[in-house]
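Visitor: These are the residues of each chain, in order.
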Amino acid sequence: GAVVSQHPSRVICKSGTSVKIECRSLDFQATTMFWYRQFPKQSLMLMATSNEGSKATYEQGVEKDKFLINHASLTLSTLTVTSAHPEDSSFYICSARDLSRVIEPQHFGDGTRLSIL
Amino acid sequence: AQRVTQPEKLLSVFKGAPVELKCNYSYSGSPELFWYVQYSRQRLQLLLRHISRESIKGFTADLNKGETSFHLKKPFAQEEDSAMYYCALWSYGQNFVFGPGTRLSVLP
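Residue numbers (the numbering used here), protein chains in the order written: chain L, 1 to 117; chain S, 118 to 225.
In silico SDA-like cross-links for lysine to any residue, where the CA-CA straight-line distance does not exceed 20 Å:
1) L:Lys41 <-> S:Ser199
2) S:Lys126 <-> L:Phe39
3) S:Lys126 <-> S:Tyr156
4) S:Lys139 <-> L:Gln42
Some residues of chain L that are not near chain S, with every Cβ distance over 12 Å (derived):
5) Gly16
6) Glu63
7) Asp65
8) Asn70
9) Leu74
10) Thr78
Hints in this document: simulated from the structure, not taken from any laboratory.
Positions of the beta carbon are idealized from the N, C-alpha and C atoms, including for glycine.
Chain S with its partners taken away, still in its complex shape:
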């Protein structure tokens, strides 16, 4: 069965500190992995997808198939990064499966 876990419900870091939001998944095939961000009272927005290997707003994520992980990283956190972050798994013809989310709080 498909499953996405995000072990941290809340992650607090100081501005300028590095941040890593953890995501692990279980899936028997070759899924696509995504990170979505939800700022306060705004829509869910796509932040990153593993197949594009982009860096959006300074965030990067690398898919590690051996560890079945897709951790989100940023070297220097900013206050405007404070939001809910959801890791999601998708496979063609299947539904999205979202992790429980991690609330990132960047302190001044």
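Next up, chain L with everything else stripped away, as it sits in the complex:
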């Protein structure tokens, strides 16, 4: 079964709206979570690393004021796309690191398909 829950699975909203996406680890504590973006027919691109209790680490080229990340607890990280525009439309995937499971150290959520009109 799923060990990482991502919500919502799909969002359609108007340009200028802020959208929050939640990522929860269900049966383990995740001090580190990751946010990826996936364009159609392309690979996952790491946007940022979310660390519980501290600021997120953003990859080069990712606007931290645009993509706000909060990791306030050991089981929840949120990504807020602020003032979203059509170019922000994409598939966003979170994952959570579980260092207790060496063989599968990272579990992925189902993803959130964001469509900005």
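Based on these hints, arrange chain S on the given structure of chain L.
Guide: Structure of chain S alone, referenced to chain L:
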């Protein structure tokens, strides 16, 4: 720097034919290699990890450190194998690095 390459964006084979999805990596240490599969509109799922040496859904992959490769193979492809396949590299304390992916299309 860590890097994963998958030279084929699209691979089409007929049902029952053998299939090999290529993956090469560059990393100075001893990474862990994984294959992930993403079926249409579904989550990314772990297919194989090199340290377990399992065969999942008939797929196998062998890590060749000399050639820095981790090719995914299946002797007889099935239509339900059609999906996106991502090779990924990970090292303890580092982030996952994904290859660009190969779309496998198994034709009837």
